[in-house]
Amino acid sequence: MARVLIVGAGLTGSLCAALLRKEAPRPVHLAVWDEAGDSGGRMSTARSPYNPQSTVDLGAQYITCTSHYAKHHQSFYDDLLALGILKPLTAPIEGMVMKEGDCNFMAPQGISSIIKHYLKESGADVCFRHCVTQINLRNDKWEVSKETGPPEQFDIVVLTMPVPQILQLQGDIANLISECQRRQLESVSYSSRYALGLFYEAGTKIDVPWAGQYITSNPCIRFISIDNKKRNIESSEIGPSLVVHTTVPFGVTHLDHHTEDAEELIFQQLEAILPGLPRPVATRCQKWRYSQVEGRPETHSHGMKPLGNKTAFSASNGYV
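Count the sequence shown with mature numbering (1 follows the signal peptide of the UniProt record, and there is no 0) and you get residues -17 to -1, 1 to 303, in order.
Treat the hints as calculated values from the structure; they're not laboratory data.
Every value quoted in this text rests on a predicted model; they were computed, and no experiment measured them.
Keep in mind that a hint or two might mislead.
As the list claims (entries may be wrong) - Here are the computed lysine-lysine pairs in the DSS-like style, where the Cα-Cα straight-line distance is at most 30 Å: (1) Lys103 x Lys5; (2) Lys270 x Lys99; (3) Lys70 x Lys212; (4) Lys270 x Lys212; (5) Lys270 x Lys188; (6) Lys70 x Lys5; (7) Lys99 x Lys124; (8) Lys70 x Lys99; (9) Lys212 x Lys82; (10) Lys99 x Lys212; (11) Lys5 x Lys124; (12) Lys103 x Lys212; (13) Lys270 x Lys129; (14) Lys70 x Lys270; (15) Lys103 x Lys270; (16) Lys82 x Lys54; (17) Lys124 x Lys103; (18) Lys99 x Lys5; (19) Lys54 x Lys99; (20) Lys82 x Lys70; (21) Lys70 x Lys103.
To be verified - The following label-pair restraints were derived from C-beta to C-beta distances: (22) Glu243 x Ser50: 39 to 47 Å; (23) Gln167 x Leu238: 21 to 29 Å; (24) Leu168 x Val191: 38 to 46 Å; (25) Leu120 x Glu77: 49 to 57 Å.
Don't be surprised by glycine CBs; every beta carbon is placed ideally from N, CA and C.
Model the full structure from these sequences, guided by the hints.
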């Protein structure tokens, strides 16, 4: 049985694993590794340390189905809608740019529930805190080394992490990429930003008429979402949660600063936009070094693009 390793437990990695399980012509052993402590990638959902039912999406805020995506990938949306993993986004998002034919969806259980669904469907062995450092060819197998633990061998390796992380890998993998391909990969650049999640006590009121708002006049903050309101969740036992996405210039300027310092600056700016906002009982600040490929429109949605950009290595075929 062929052993396949997928590096990255985000949307591309999880969907790739599910499709391989479904479409592979013969049985395969699937493994998914991720350097983080949980699945989701840039579609991550954080939980309050005081109430695990209180969650906030730190990455993509909603899913946009464009007419192009609907034409080519409607079955994926239909499946997720039928299972209740996605539901139509009906809460008001101020400043959202809608194009003709677009449909927006939210995930009632958090945006990472999409990734968890595909990983479960794949039946893959999922391992976290596995940071890949080297990939070498050994006896027609790919020997994959990580920061801790012994290396393991696979017949096929699929890399779904950001391009800069792929280019940092050591070993024989570096020789498989031609000079032309390397130049193309090196030309890919990413925007950076912070996401700050705020969790509040049950009964706290955040009195605004919107569930999300794009901000255009602040040097720090680009988007704010009342996360539970976005998902149409009202509960006397679960406090509201709020997420703030910063502008790209703020993210770039503070990229190498301590997260705690960036968090305080973000909160100061948030108080200027929402005066009287109570102090949260808990926070979660996420630094997105690789937030979005530059050149794409700045949005906080995520289109479902099955397999996305991937790099695969087969012991028999080399670079695919």
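So, going through the hints one by one against the coordinates:
no.: 1; hint: Lys103 x Lys5; in the structure: holds (12 Å)
no.: 2; hint: Lys270 x Lys99; in the structure: holds (22 Å)
no.: 3; hint: Lys70 x Lys212; in the structure: holds (14 Å)
no.: 4; hint: Lys270 x Lys212; in the structure: holds (24 Å)
no.: 5; hint: Lys270 x Lys188; in the structure: holds (27 Å)
no.: 6; hint: Lys70 x Lys5; in the structure: holds (25 Å)
no.: 7; hint: Lys99 x Lys124; in the structure: holds (29 Å)
no.: 8; hint: Lys70 x Lys99; in the structure: holds (16 Å)
no.: 9; hint: Lys212 x Lys82; in the structure: holds (23 Å)
no.: 10; hint: Lys99 x Lys212; in the structure: holds (22 Å)
no.: 11; hint: Lys5 x Lys124; in the structure: holds (24 Å)
no.: 12; hint: Lys103 x Lys212; in the structure: holds (28 Å)
no.: 13; hint: Lys270 x Lys129; in the structure: holds (23 Å)
no.: 14; hint: Lys70 x Lys270; in the structure: holds (28 Å)
no.: 15; hint: Lys103 x Lys270; in the structure: holds (27 Å)
no.: 16; hint: Lys82 x Lys54; in the structure: holds (15 Å)
no.: 17; hint: Lys124 x Lys103; in the structure: holds (27 Å)
no.: 18; hint: Lys99 x Lys5; in the structure: holds (16 Å)
no.: 19; hint: Lys54 x Lys99; in the structure: holds (25 Å)
no.: 20; hint: Lys82 x Lys70; in the structure: holds (19 Å)
no.: 21; hint: Lys70 x Lys103; in the structure: holds (20 Å)
no.: 22; hint: Glu243 x Ser50: 39 to 47 Å; in the structure: holds (43 Å)
no.: 23; hint: Gln167 x Leu238: 21 to 29 Å; in the structure: holds (24 Å)
no.: 24; hint: Leu168 x Val191: 38 to 46 Å; in the structure: holds (43 Å)
no.: 25; hint: Leu120 x Glu77: 49 to 57 Å; in the structure: holds (53 Å)
Going down the numbered hints, you'll see the structure goes against none, and every one checks out.
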